[in-house]
Amino acid sequence: MSTTSTVSTAPVKDGAQLSATAAAKSAVRRRTALVWAGRIGLAVFVIGGWQAFTTWGIVDKFFFGQPSGIAQRLVDLFRHGTEFGSFYSNIWTTIQEALVGFALGAVTGVIFGVALGRSRFLADVLGPYIKMVNAIPRIVLGSIFIVAFGIGVLPKILLAAVLVFFIVFFNAFQGVREVDRNILANTKVLGASQMQIIRHVTVPSALTWIIASLHSAFGFAIVGALVGEVLGAQSGLGLVIKTAQNNFDPNGVFATMLVISVIVLGAEWLIGKLEHRLLSWRPPAPSEASSTI
Amino acid sequence: MASRNDVAAGPLAEKIGRDSARVEISGLTKRFLTPAGEVFTALQDVSFTVEPGQFCAVVGPTGCGKSTTLSLVSGLDRPSEGSVKVGGREVNGVTDGVSFMFQSDALLPWKTVLGNVLMGPVFRQVPKQQAQTAARDWLRRVGLTGFEDRYPHQLSGGMRKRVAMAAALINEPKILIMDEPFGALDVQTKAIMSTELLGLWEQIRPSVIFITHDLDEAVALADRVVVMTSSPGSVKAVFDIDLPRPRGSVQEIRFQPRFIELQHQIWDSLREEVERAYARTAGGTA
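Quick note, the sequences are listed as chains A and B, same order.
Sequential numbering from 1 applies to the first sequence in full-length UniProt numbering.
Sequential numbering from 1 applies to the second sequence in full-length UniProt numbering.
These aren't lab readings, by the way, just hints derived from the structure by calculation.
Treat the hints with care, since some could be wrong.
What the hints assert, rightly or not - Some chain A residues judged to face chain B by a derived CB distance under 7 Å, without partners named:
{"#": "1", "residue": "H80"}
{"#": "2", "residue": "G191"}
{"#": "3", "residue": "Q194"}
{"#": "4", "residue": "P283"}
In this text, a Cβ means the ideal position worked out from N, Cα and C, and glycines have one as well.
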């Protein structure tokens, strides 16, 4: 009795499962299509609205620019360059400053974060000073750097590094403080030296925090480089923006902004890749597993 | 003792130098300063000895300073008074030849199973090739061959305990300290792990200090059971367990009349302490 019934129901069950899978798959496809339609629709609405309002003269394109003008200006910039060298060389200057400043700030941030996180004494001595320096509006330091180091790339690198340092430092410090006490005790009992503890336990543990901070830190590196260039430079996207501003050319400002956001998105993507490699040991977070973004 | 040595892997046990594995705890007192500024005595004049190769279980109510005792023996913490001697030498900082197994996972989540087991040899600067061979051998012994490249989060609780066991035993410790190692496991897994622990222990015969609140587990595994009182922690009684070794399955041994008899004796001693500790916490919350 029982055997015959199982034999007869099995294929039906399989079929039901198959069609259920197909239904689920097509539901997912439908949803993805809907999301993309929404995204594109929003972009068309905003950019199209902007274009329409400026064409109709409701909004003055002299002050607020115009999408078609921005596109034109962008092509123009890439084709004919600027009065201070080709557009590419200006882009490269800014990227260089941001990258070097980012690396410098991140490395010193990690070193200080780990050192202060490991040593209570150092943290107690330096803590108030770091808080004080952190309270200074650091962008203003750019003026000092330019006075001290001229209008070359160095002051921009330093400004970017200072901005990056504090973000990375606070995260590294917190990350080191949150190291699991049991793991620390265990590695000590297994005979690890101070350096081995830092290498095998402290830094990998803090890496989750550090990497998370790098995402926002690169944005700040770019801000540091740009502000430095606006304050005084011979080349760079900040200079391009400043010149466009002085020429009452909002399209030039927007075009350069667009280029900068592409750079930041690219860096973000690279940092994401790095994160994926360095933190491959982490269990997939439930939000990551199910979300489509 | 002699008969027990015959049971164990003779040559290996010989090699370890038996006397260096004696743990003498005498007059151990530990006081802490509470955040409120009061002095809290966690341990008061605790004395007991673990003979070389002996499996010693420590039972007691919660908050009796069991874990404090362990951190003093392993050298992670310093006593306020009294001393711990390992192999005749006073413990002064982390001691060589001691391994620790914690209640919670102390595995590094960013290292693979193999990487975790390799930690001990790597820290002691064992040549890489030799360390790898040893680590793979230990993973085989705990039944985890084929899981070398997994990360801890990809394993079940029982498997993680096996990794921790391999990581603790790969150093071939003279003394193995275990702080409720199987406390977080379900009952069936716990019984299986206990049996496996006994099997591995009989292979290398370290002296063991095993903390648990589970009296059955203590009697089934140990040669000696130390009962502690609560706040301040001190030794109430010491029982020698004369169940024959090898004991085989931990679940089977629970039905032997001698086991039940010993379990009753120790429970009589322990019950009073448990009730006292419970009354205090209940009074505190009321």
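Each hint, compared with the structure:
no.	hint	verdict
1	H80	violated, 51 Å
2	G191	holds, 4 Å
3	Q194	violated, 12 Å
4	P283	holds, 4 Å
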